[in-house]
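Under our numbering, read the sequence shown as residues 20 to 380, first letter to last.
Careful, some of the hints might be misleading.
16 Å max Cα-Cα, derived EDC-like pairs, lysine to aspartate or glutamate [to be verified]: (1) Lys-172 with Glu-195; (2) Lys-297 with Asp-343; (3) Lys-23 with Asp-198; (4) Lys-126 with Glu-168; (5) Lys-259 with Asp-218; (6) Lys-199 with Asp-218; (7) Lys-240 with Asp-106; (8) Lys-304 with Glu-336; (9) Lys-259 with Glu-113; (10) Lys-126 with Glu-101; (11) Lys-172 with Asp-143; (12) Lys-317 with Asp-343; (13) Lys-208 with Asp-343; (14) Lys-317 with Asp-286; (15) Lys-284 with Glu-336.
Across the chosen pairs, the derived CB separations fall in these ranges [said to hold, decoys possible]: (16) Gly-210 with Pro-354: 47 to 55 Å; (17) Met-20 with Lys-208: 39 to 47 Å; (18) Lys-297 with Asp-343: 42 to 50 Å; (19) Glu-319 with Thr-289: 30 to 38 Å; (20) Leu-255 with Gly-210: 57 to 65 Å; (21) Thr-250 with Ser-334: 22 to 30 Å; (22) Ile-274 with Lys-240: 39 to 47 Å; (23) Thr-289 with Asp-143: 29 to 37 Å; (24) Asn-85 with Lys-23: 21 to 29 Å; (25) Glu-207 with Asp-229: 46 to 54 Å; (26) Asp-370 with Asp-229: 17 to 25 Å.
It should be emphasised that the hints constitute simulated quantities derived from the structure, not laboratory data.
Values in this document were obtained by computation on a predicted structure and should not be read as measured data.
Each residue gets a CB set at the ideal place from its N, CA and C atoms; glycine is no exception.
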Amino acid sequence: MMKKKVVIGMSGGVDSSVAAALLLEQGYDVIGVTMRLWDGEELCGELMEGACCSYSAAEDAKFVANKLGIEHFVLDFRKEFEDNVIDYFVDEYENGRTPNPCIACNKHLKFDALWKKAQLLGADYIATGHYAKVVFNEDTGRYELKRAESTAKDQTYALYSLTQEQLAHTLMPLGELEDKAKTREIAEKYGLVTANKPDSQEICFVPDKDYAGFIKRRTGKDYPTGKFVDTDGNVLGEHKGIIHYTVGQRKGLGIAFGKPMFVLKIDGETGNVILGEKGTEFSQKLIAERLNFISVSKGESGMRVLTKVRYSAPSAEAEIYMIDENTAEVVFDTPQRAVTPGQAVVFYKEDGTVIGGGIIR
């Protein structure tokens with residue numbers, strides 16, 4: 020019987036390297052693809068070394084492919100990355116929101132653009148090194164996304180936007196591994212050069228984590244200063260521009276108040292940054308838009324869910340009230356800290372199945 024063909028996205032890291040090895044063990048015909056996403060001159064020196072879009076990362080992916088005896092290609096996705104990730108990232112910050120570029124990259128690049136290329140190569144599936152599980156529920160007739168065995172490495176939060184079509188053609192072999200140590204153990208067993216490679220940074224195209232500096236270099240703009248105000252509108256001081264701040268931020272405000280003050284809201288229209296004292300950074304509810312549901316075809320008012328309002332947040336119980344098919348109000352049982360416009364809220368069942376999610380308004 021002919022083997023099923025899989026195109027796996029190989030970033031040059033240990034996770035995608037081991038995912039490729041596991042797919043071979045499972046009997047698939049595997050092709051490795053490294054996605055060329057970003058090569059801005061201002062970032063492609065030593066600063067970029069080790070990032071998922073650096074030259075050395077592509078070389079590492081090639082070495083791993085050769086070691087495993089699989090074909091490897093480097094494909095150009097720079098235009099798609101700029102349009103769907105970089106431009107989105109800049110636009111969100113300019114409007115006082117805090118984007119999640121990894122979610123955008125997953126949605127538009129890794130599970131859309133890559134799948135289209137994979138089909139041209141005759142592939143039945145794409146695969147990634149994400150820690151998550153894809154299963155088919157015979158009772159509902161729907162593909163489901165479930166939390167990985169490794170709760171510490173689980174990446175379902177950043178994958179909530181996947182569609183039924185995408186999940187039907189996606190493999191994530193690392194979802195069954197109990198921890199990262201097991202991943203590295205498998206890499207050692209295969210003698211892969213990535214076995215002890217450190218994890219990549221959170222945002223590959225801003226390796227120094229200076230988001231405001233990146234935005235300024237990218238746009239060539241000078242962003243205006245504005246006012247820090249309290250919840251009553253009283254002016255507390257001057258800030259250096261809204262692109263420097265995010266909801267929940269306490270440090271790096273550039274002004275001393277004699278007590279802890281937190282960013283509660285960023286008003287993209289007025290340019291004001293609203294601050295509040297400790298305790299006021301908690302929210303009882305939020306509005307989620309651009310909803311995507313996975314385990315169900317649509318949301319229903321009164322649904323009880325577990326939620327995560329950011330990748331590192333603990334799960335919190337809540338209830339969903341549908342406003343329309345793409346928008347919902349989410350009411351928490353217990354107020355949640357730093358609910359941030361532009362970030363995702365993801366809904367789960369008790370067993371770790373992703374119900375769906377959306378973007379916080």
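Evaluated hints:
| no. | hint | result |
| --- | --- | --- |
| 1 | Lys-172 with Glu-195 | 11 Å, holds |
| 2 | Lys-297 with Asp-343 | 34 Å, violated |
| 3 | Lys-23 with Asp-198 | 27 Å, violated |
| 4 | Lys-126 with Glu-168 | 23 Å, violated |
| 5 | Lys-259 with Asp-218 | 32 Å, violated |
| 6 | Lys-199 with Asp-218 | 10 Å, holds |
| 7 | Lys-240 with Asp-106 | 14 Å, holds |
| 8 | Lys-304 with Glu-336 | 11 Å, holds |
| 9 | Lys-259 with Glu-113 | 13 Å, holds |
| 10 | Lys-126 with Glu-101 | 14 Å, holds |
| 11 | Lys-172 with Asp-143 | 27 Å, violated |
| 12 | Lys-317 with Asp-343 | 10 Å, holds |
| 13 | Lys-208 with Asp-343 | 51 Å, violated |
| 14 | Lys-317 with Asp-286 | 32 Å, violated |
| 15 | Lys-284 with Glu-336 | 24 Å, violated |
| 16 | Gly-210 with Pro-354: 47 to 55 Å | 51 Å, holds |
| 17 | Met-20 with Lys-208: 39 to 47 Å | 28 Å, violated |
| 18 | Lys-297 with Asp-343: 42 to 50 Å | 36 Å, violated |
| 19 | Glu-319 with Thr-289: 30 to 38 Å | 37 Å, holds |
| 20 | Leu-255 with Gly-210: 57 to 65 Å | 59 Å, holds |
| 21 | Thr-250 with Ser-334: 22 to 30 Å | 29 Å, holds |
| 22 | Ile-274 with Lys-240: 39 to 47 Å | 23 Å, violated |
| 23 | Thr-289 with Asp-143: 29 to 37 Å | 52 Å, violated |
| 24 | Asn-85 with Lys-23: 21 to 29 Å | 22 Å, holds |
| 25 | Glu-207 with Asp-229: 46 to 54 Å | 35 Å, violated |
| 26 | Asp-370 with Asp-229: 17 to 25 Å | 40 Å, violated |
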